[in-house]
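Novice: Spelled out, the chains give:
2 protein chains.
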Amino acid sequence: MCAAGRSSRRRAASRLRKTKMSDDKLLPLRQKIDAIDAQILDLLNQRARVAQEVGHVKAETNAPVFRPEREAQVLRRAADRNPGPLLGADIQTIFREVMSACRALEKRVVVAYLGPEGTFSEQAVYQQFGHAIEGLSCVSIDEVFRDAEAGTADFGVVPIENSSEGVINRTLDLLLQTTLTISGEVSIPVHHSLMTASGKMEGITRICAHSQALAQCNAWLNQNYPSIERQAVASNAEAARMAGEDQSVAAIAGEIAGQKYNLQTVNAHIQDDPHNRTRFAVIGRLRTAPSGRDQTSIVLSVPNKAGAVYNLLAPLARHGVSMTRFESRPARMGAWEYYFYVDLEGHEQDEKVAQALEELRQNAAFFKLLGSYPLGL
Amino acid sequence: MCAAGRSSRRRAASRLRKTKMSDDKLLPLRQKIDAIDAQILDLLNQRARVAQEVGHVKAETNAPVFRPEREAQVLRRAADRNPGPLLGADIQTIFREVMSACRALEKRVVVAYLGPEGTFSEQAVYQQFGHAIEGLSCVSIDEVFRDAEAGTADFGVVPIENSSEGVINRTLDLLLQTTLTISGEVSIPVHHSLMTASGKMEGITRICAHSQALAQCNAWLNQNYPSIERQAVASNAEAARMAGEDQSVAAIAGEIAGQKYNLQTVNAHIQDDPHNRTRFAVIGRLRTAPSGRDQTSIVLSVPNKAGAVYNLLAPLARHGVSMTRFESRPARMGAWEYYFYVDLEGHEQDEKVAQALEELRQNAAFFKLLGSYPLGL
Numbered sequence: 001m002c003a004a005g006r007s008s009r010r011r012a013a014s015r016l017r018k019t020k021m022s023d024d025k026l027l028p029l030r031q032k033i034d035a036i037d038a039q040i041l042d043l044l045n046q047r048a049r050v051a052q053e054v055g056h057v058k059a060e061t062n063a064p065v066f067r068p069e070r071e072a073q074v075l076r077r078a079a080d081r082n083p084g085p086l087l088g089a090d091i092q093t094i095f096r097e098v099m100s101a102c103r104a105l106e107k108r109v110v111v112a113y114l115g116p117e118g119t120f121s122e123q124a125v126y127q128q129f130g131h132a133i134e135g136l137s138c139v140s141i142d143e144v145f146r147d148a149e150a151g152t153a154d155f156g157v158v159p160i161e162n163s164s165e166g167v168i169n170r171t172l173d174l175l176l177q178t179t180l181t182i183s184g185e186v187s188i189p190v191h192h193s194l195m196t197a198s199g200k201m202e203g204i205t206r207i208c209a210h211s212q213a214l215a216q217c218n219a220w221l222n223q224n225y226p227s228i229e230r231q232a233v234a235s236n237a238e239a240a241r242m243a244g245e246d247q248s249v250a251a252i253a254g255e256i257a258g259q260k261y262n263l264q265t266v267n268a269h270i271q272d273d274p275h276n277r278t279r280f281a282v283i284g285r286l287r288t289a290p291s292g293r294d295q296t297s298i299v300l301s302v303p304n305k306a307g308a309v310y311n312l313l314a315p316l317a318r319h320g321v322s323m324t325r326f327e328s329r330p331a332r333m334g335a336w337e338y339y340f341y342v343d344l345e346g347h348e349q350d351e352k353v354a355q356a357l358e359e360l361r362q363n364a365a366f367f368k369l370l371g372s373y374p375l376g377l
Numbered sequence: 001m002c003a004a005g006r007s008s009r010r011r012a013a014s015r016l017r018k019t020k021m022s023d024d025k026l027l028p029l030r031q032k033i034d035a036i037d038a039q040i041l042d043l044l045n046q047r048a049r050v051a052q053e054v055g056h057v058k059a060e061t062n063a064p065v066f067r068p069e070r071e072a073q074v075l076r077r078a079a080d081r082n083p084g085p086l087l088g089a090d091i092q093t094i095f096r097e098v099m100s101a102c103r104a105l106e107k108r109v110v111v112a113y114l115g116p117e118g119t120f121s122e123q124a125v126y127q128q129f130g131h132a133i134e135g136l137s138c139v140s141i142d143e144v145f146r147d148a149e150a151g152t153a154d155f156g157v158v159p160i161e162n163s164s165e166g167v168i169n170r171t172l173d174l175l176l177q178t179t180l181t182i183s184g185e186v187s188i189p190v191h192h193s194l195m196t197a198s199g200k201m202e203g204i205t206r207i208c209a210h211s212q213a214l215a216q217c218n219a220w221l222n223q224n225y226p227s228i229e230r231q232a233v234a235s236n237a238e239a240a241r242m243a244g245e246d247q248s249v250a251a252i253a254g255e256i257a258g259q260k261y262n263l264q265t266v267n268a269h270i271q272d273d274p275h276n277r278t279r280f281a282v283i284g285r286l287r288t289a290p291s292g293r294d295q296t297s298i299v300l301s302v303p304n305k306a307g308a309v310y311n312l313l314a315p316l317a318r319h320g321v322s323m324t325r326f327e328s329r330p331a332r333m334g335a336w337e338y339y340f341y342v343d344l345e346g347h348e349q350d351e352k353v354a355q356a357l358e359e360l361r362q363n364a365a366f367f368k369l370l371g372s373y374p375l376g377l
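Going down the list, the protein sequences come from chains V and C. So for the first sequence, the UniProt record's numbering puts the first residue at 1; every next one is plus one. So for the second sequence, the UniProt record's numbering puts the first residue at 1; every next one is plus one.
Since the hints were derived computationally from the structure, they do not count as laboratory data.
Which copy is meant is left open, because identical chains are indistinguishable; a pair holds if it fits in one copy or across any two.
Here are the simulated lysine-lysine pairs, DSSO-like style, with alpha carbons at most 30 Å apart:
no., residue 1, residue 2
1, Lys352, Lys368
2, Lys200, Lys260
3, Lys25, Lys58
4, Lys58, Lys32
5, Lys107, Lys25
6, Lys32, Lys107
7, Lys352, Lys25
8, Lys107, Lys58
Bound-form chain V, shown alone:
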């Protein structure tokens, strides 16, 4: 050990010498950076003091502390005006934290989310609100809604659609009934892995996953396992459970589900689109003003007769409003067979959107505006 110890100490000494040399050249540059940091620090606190004045005005008029449209504008402006070399996305991460810290001086916003802590939902919370907030981990989507409705939380963050289960039915059901509105949308990148109990593909005769995940990995599966049967099951978690019990089944799922059922990864990140994302809705008692680039979510229903849906949606085309998403789902109760969840470009206060919405409202048997909110960044 003695000789090895000496040689390792010699290496360390040489490394330290090299570090020292570079430090002499770096010192003046670091002093420059320190001087810039001092100015940034000063400006951040100047900003915070103005934000406190904003807080006083808001308190007088009872206006909400968190204004999603305003924060979206600040983030867009920062990215648009950014001359570089910093990347726009990194600039937005910084400004999100700046706004979060300033906002926290007025009030530390409480955000309920579907727990547990330390999962994607919590990351979605930070992505919308920055880190200077108080997170409230809930055991169910129902509890998130209840906390936000009761005022225990200022906002809730719930999954609305992911590639493991498709749309999240419970969230859609609760959106139908709630008095809350959607005030924002967050998406988080998700990756799929091909997993089996053994970590190998020998003896595998079926690859199981939710249909959405199968579709998202289609090209990769065609290329790598074209001859293995694919089977759509209720969710990727269900596929993982099956793979844990049946040596002939491989599952496509996220790593958390794989870990739960003691699966080994055969291939990671197999989805065709590397930017595959899970969507979350931000819900609150707040109605969001226009930010300039917004989206409106509505849900509606019509009696089940031929052409009804087509006729229902005619006002959108007439007023030149683009539909960006359209989901239908069977109604559990009531007089209608389907609910249609529709996302539109624009804000409910934009004139053409307002007119189209008014006509939709008149024509539909059931109509509910879920919210207008800034488009995700």
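Please build the complex by placing chain C on the supplied structure of chain V, with the hints as guidance.
Specialist: Structure of chain C alone, referenced to chain V:
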């Protein structure tokens, strides 16, 4: 629906009027903020350009892109010089992202961590390196070490101690063998919940958890369930598994473990210290220079005879070096019965630490310096 619709629209209109009033007063303040943001944006990019010059110098001398001691100094200075009103912790969150974004212009640091994605380990990565990095999720602690040793990753982040399992044996074992050094420490807040299969405490005769978790919830348990037997088990996850199978068992565990075994929360956040944390070690091929407030981790062993440990540690007392942590664990193999993991105040290059370390090295049958690194913020 019609009357309700009208009244809800009236409320919405009143809300919008109020928002409008407040907006008139807010406009000049927002313009001030926008002007400050423009200056911040400019300074951030100035900083980035100087950081690029730093990158050129580093490239010439082959110096590492990420210097933990330098980043720790920047964060401490920002908090120390912060006049307010922003909180020091929030300022540090902002500056961490600023450094991360600037560093990414030189090189997007690759950090391997114990996956899955979307868990506490990933949060620990962001807490050390900011968000402008590339995370590499690994399936085992061994793989994190391998990736960092092989250079696939620039750094690794591994759990070293938590309140669910105490020290993480696998990490300690690998630290013994690795050529990597510890270049930082991160801690993440963790919460314990009392959980049962039913979500109620009726019929519960035992509360199970890892001994560390039981100790951390001691006061709360004494106050709330003084007469229920407590049983220490191998880990909180094991306790959760037992509670899932046995209606008479309650588990203390984190929510992720509870979810895995379909438990319901009876009480959340029951640990006595609300700032209870899990520790992670940052490991890399880099030897970290002094930051001014550092910690040194070593591991050593002595032959098993009376007074040996006491004698071994005498140099620390003699040179006035404080010991902040001392863990002993049985050796699996080799001539010694125990390894001692010791954390010291100060850096290996501090004179008194260097002298104490040299004496320890001479006296110990086995001695390894795991690393000197900035104290957690």
